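Given next are the chains, with one letter for each unit.
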Amino acid sequence: MSGPATTAVAVDDLTVRYGDLTAVDGISFTSSAGEVLALLGPNGAGKTSTVEVLEGYRHAAGGRVSVLGHDPERERSAVVGRIGVMLQDGGVYPAIRPPEMLRLLAAMYAHPADPDGLLERVGLADRAGSTWRQLSGGEQQRLSLAMALVGRPEVAFLDEPTAGVDVRGRQVIRSIVRELADDGVAVVLCTHELDEAEKVADRVVIIDRGRVVGAGTLAELRSQTSGEVRFSADPGLDLRALGVHVGATVTEVGAGEYLIEGAHDPQLAAKLTAWLAERGATLGDLRAGRQRLEDVFLELTRGDEPVDGR
Amino acid sequence: MSALLAQFRVECTLTLRNKESLLLTLGIPVGLLVFFSLVDVLPIDAADPVDVLAPGVLALAIMSMSMTGLAIATGFERSYGVLKRLGTTPLGRPRLLAAKIAGVVAIEVIQAAVLVPVAILLGWRPSLSLLPLVGAVVLGTTAFAGLGLWMAGTLRAEITLALANGLYLVFLLLGGFLIPLEEFPGPLRTAARALPGSALTDLVTAAFAGAGATAPGRAWAVLALWAIATPAVAAATFRWSPNRN
Chain E
1 MSGPATTAVA VDDLTVRYGD LTAVDGISFT SSAGEVLALL GPNGAGKTST VEVLEGYRHA
61 AGGRVSVLGH DPERERSAVV GRIGVMLQDG GVYPAIRPPE MLRLLAAMYA HPADPDGLLE
121 RVGLADRAGS TWRQLSGGEQ QRLSLAMALV GRPEVAFLDE PTAGVDVRGR QVIRSIVREL
181 ADDGVAVVLC THELDEAEKV ADRVVIIDRG RVVGAGTLAE LRSQTSGEVR FSADPGLDLR
241 ALGVHVGATV TEVGAGEYLI EGAHDPQLAA KLTAWLAERG ATLGDLRAGR QRLEDVFLEL
301 TRGDEPVDGR
Chain A
1001 MSALLAQFRV ECTLTLRNKE SLLLTLGIPV GLLVFFSLVD VLPIDAADPV DVLAPGVLAL
1061 AIMSMSMTGL AIATGFERSY GVLKRLGTTP LGRPRLLAAK IAGVVAIEVI QAAVLVPVAI
1121 LLGWRPSLSL LPLVGAVVLG TTAFAGLGLW MAGTLRAEIT LALANGLYLV FLLLGGFLIP
1181 LEEFPGPLRT AARALPGSAL TDLVTAAFAG AGATAPGRAW AVLALWAIAT PAVAAATFRW
1241 SPNRN
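So the sequences go chain by chain: E and A.
Once you know that position 274 of the first sequence is 274 in the working numbering, the rest is easy, because the numbers rise by one and skip nothing.
Here the working numbering runs 1000 ahead of the position in the second sequence, where the first position is 1.
Just so you know, these hints were derived from the structure itself, not from any lab.
As the structure is a prediction and not an experimental result, all values here were calculated from the model.
Do not rely on the hints blindly, as some may be mistaken.
[As the list claims (entries may be wrong)] Going by beta-carbon spacing under 8 Å, a handful of chain A positions derived as facing chain E:
| # | residue |
| --- | --- |
| 1 | Q1007 |
| 2 | L1014 |
| 3 | N1018 |
| 4 | Y1080 |
| 5 | G1081 |
| 6 | V1082 |
| 7 | T1089 |
| 8 | P1090 |
| 9 | R1093 |
| 10 | P1094 |
| 11 | R1218 |
| 12 | N1243 |
Think of the CB as a built atom: it goes at the ideal place given N, C-alpha and C, for glycine as much as any other residue.
One chain only, chain A, in its complex shape (with noise of 0.2 Å):
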């Protein structure tokens, strides 16, 4: 087996293997879908509320797993010497990065296979466009690994553990998954719109409602502005060593 596919097959295997990610990846995402589907209380005007919160999940799904789960797992790989380890092994750093990376795309694949029928035994009936939803996934997963691997990178795993779940919990808030941004007041509604997170829910949402339906074009350069900003300064900031105290 190659260097590069047994990285994946760990990195996969040990995501699946730790309750808590699981948790974070797909239960709360299911759960989320699922309550706010049967229960009316979000300030949705759709005449069915699982066609505005099943884009919006899937979204937060990509944000979960590329965000915060990359997040906590790397930065405890890195405390844990793990990653200054594999950098004594003829693995190297890009095949790290892309088996890592290849590691998080699965899951997505994982998320979507359970969410979508989920979705759909709730009524969703989505109209896709497979093109314009690929570099959607694409833009968020890239925006959202960096900010993980820019916290993983530079701060100690228990900080990186804890801003990565509260800027999952702003994200969610914000990041018009569940709560459409026009119920916000307007500084803050300029303010999340400038946010991965909205641009995200925007384009998946666009890319669910069919042919006609586009999405505005400040969503792909808002999110593609992270996309090349976030990885930046993950990798001029990245540290493989665990941090001296």
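Extracted from the complex, chain E is given alone in its bound form (with noise of 0.2 Å):
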């Protein structure tokens, strides 16, 4: 699909409460059709109650949401025979065979996809004699997948989708998901793994305890943190002599483990790797620039307050 991209799901300023706990604090973000987009946070940070809001599921304390143009509680009808869902877990009869969960689903669409099409296309077509019960984790994952692909669905709203799936499965999953995307799906999915956000997703939203703390693409999140250099090399540096050569400040944060921080100097690599050479000392590993999402991640949801266990 080509053309200009159209919002899909709109999310402005989004409350949450339950009783006195606000899980959901001011959300607001964009998706867009042909996209990935992650919501990405830790454990009780309220990726799956802004989801359940904008499946229509849950009522908003405050705020905006909007899918495919309609506000999904009040107009819930013009909502959900377009929207895909992929609950957390799984949300399936126990008792019930693959085939017979995806007819069942099938039958409340006006377009759905062939069932037995698409438990072929996630890898289940020998286990439709199974109960869902009889099925490993894997397989359950990728028949919730299929669940909500069933209804041809113009978004897909995925949570945890490779959440305790193994490796090939997780490869399948992701392909699935990006051809969804590429076929102009919005895909909004939500996960706790920054690995698996950023292998999917082509935007990203960072959420920690109910408020947006970071968004956009991997690039435009890992610029945003400060010019941070990590090396490791033998331990016990003249921090203050190594800091004055770089124009930076150096601390060793493990025994060999050093971090600089402040470090804009495109030269700063070629520096520090002749003043290490000078001292006879090995540099081993550098990170500089393109950092990981993990570092990103890990910087933007460090709060001064403890996470609670929810």
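Join the two chains into one complex using the hints; note that each chain is given alone, in its own frame.
This is how it looks when you write it as structure tokens:
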């Protein structure tokens, strides 16, 4: 599908409360058709609550959401036939068989996908005779994904789609997610795994304790954080002398593990290696510029308060 | 296939696939009917015990499916997130509820199709008044289903399982299904008469006792009150998502 990106999901200042607890505290983001958007955050950050509002399932205490131009709670019937949902724990009858579950859901939509073809696509064709409770964790996740797709949705909400799935299963799920977006579906997926967001998402919204703490493409997110360089070398280097040489603050964060902060000199790596070579020190690992999303994530979700156990 | 029909088929398929549920809805009623018809230990005055037992066991079967069976199935569907998942589809709650009711009625038809021939083989000679029977079954199913959904919609699935089976046992003893209430001491008899089980037994018994027999108006009133109250409470308290622990 080509043409300008259409906004499929818009969330504006959303708040969700459970009694006194504010689970979602003023979240805003949008997602477009043909795009994989990852809501990334630790468990209990408010990702699932946010998606439940978008599914028309949970009431928002404040703010506005729109899915395909409609309010999913008040205009439920205009939305519900055009979205596909993958719940975190399946939501499947324990004694039902995969084709039975897919045929049940297929009967609820106007233009469903072929259940047998879908089973084939998620690699469950040979498990058609097993009940849900006989499937492995990874097989259950793949059936859940098929359940989200059987109605040919325009927006797919996938909650932790690869949790508990082995490497091969993850590859299957990721490639299906990619195909969906390429077919013009807006995919909104929740994950607490950075690796997953890095691998499948076009854009990432990082959520922590009910708030958006970072958003953008991976490249944008990486460049948001300050110029940090990490390297490993012999322990006990003269930090002050090195700091003067590279023009930044150097700390030894662990034995032989160093962190340079506030470095914006493009020649930094050259200066560092020269300085180390002069002293006969060996340079181990050096990471700069292209930070892993993990570092960004940890930096953005690092708070002063302890994270509660929710 | 329409969504309602598809949901109805799944409700029936899963009930029939569940062995515990089959034991409860068919095995136990058939066993009780056969055993107590052949072994004359219950305090039944009738010339042939099956004449008293058959309507009682049919009433018991209605209770076992519409209360205990429905409560346990719905309770676990809620705790597994099935109800939540269906809530995100175009099915909608009214059609889900309609499919569940139709599923209960379908199982009741199967129960009757098994129990009535067994009773006739045991010597039962019923004289059916159809309209009062339909009225009794509708009211009884509604009252017990309301109780079952009330439990399933508010309690954790494990508690619902225990309570639905516990109530089954209480009603089995106090519902007049097997033991005539005349055998009970006064206060207990009065209490038992206020329960939906004994009212349903009275009505089903009268419906099979020929054109001349009429059930006490009290039984209709008691069952109707339960049939209004329990679904109302269930509807007001039902939660669709799993309980947060």
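Status of the hints after comparison with the structure:
{"no.": "1", "hint": "Q1007", "verdict": "holds, 7 Å"}
{"no.": "2", "hint": "L1014", "verdict": "holds, 6 Å"}
{"no.": "3", "hint": "N1018", "verdict": "holds, 6 Å"}
{"no.": "4", "hint": "Y1080", "verdict": "holds, 6 Å"}
{"no.": "5", "hint": "G1081", "verdict": "holds, 4 Å"}
{"no.": "6", "hint": "V1082", "verdict": "holds, 5 Å"}
{"no.": "7", "hint": "T1089", "verdict": "holds, 5 Å"}
{"no.": "8", "hint": "P1090", "verdict": "holds, 5 Å"}
{"no.": "9", "hint": "R1093", "verdict": "violated, 11 Å"}
{"no.": "10", "hint": "P1094", "verdict": "violated, 12 Å"}
{"no.": "11", "hint": "R1218", "verdict": "violated, 41 Å"}
{"no.": "12", "hint": "N1243", "verdict": "violated, 13 Å"}
Going through the hint list in order, the structure does not satisfy hints 9, 10, 11, 12.
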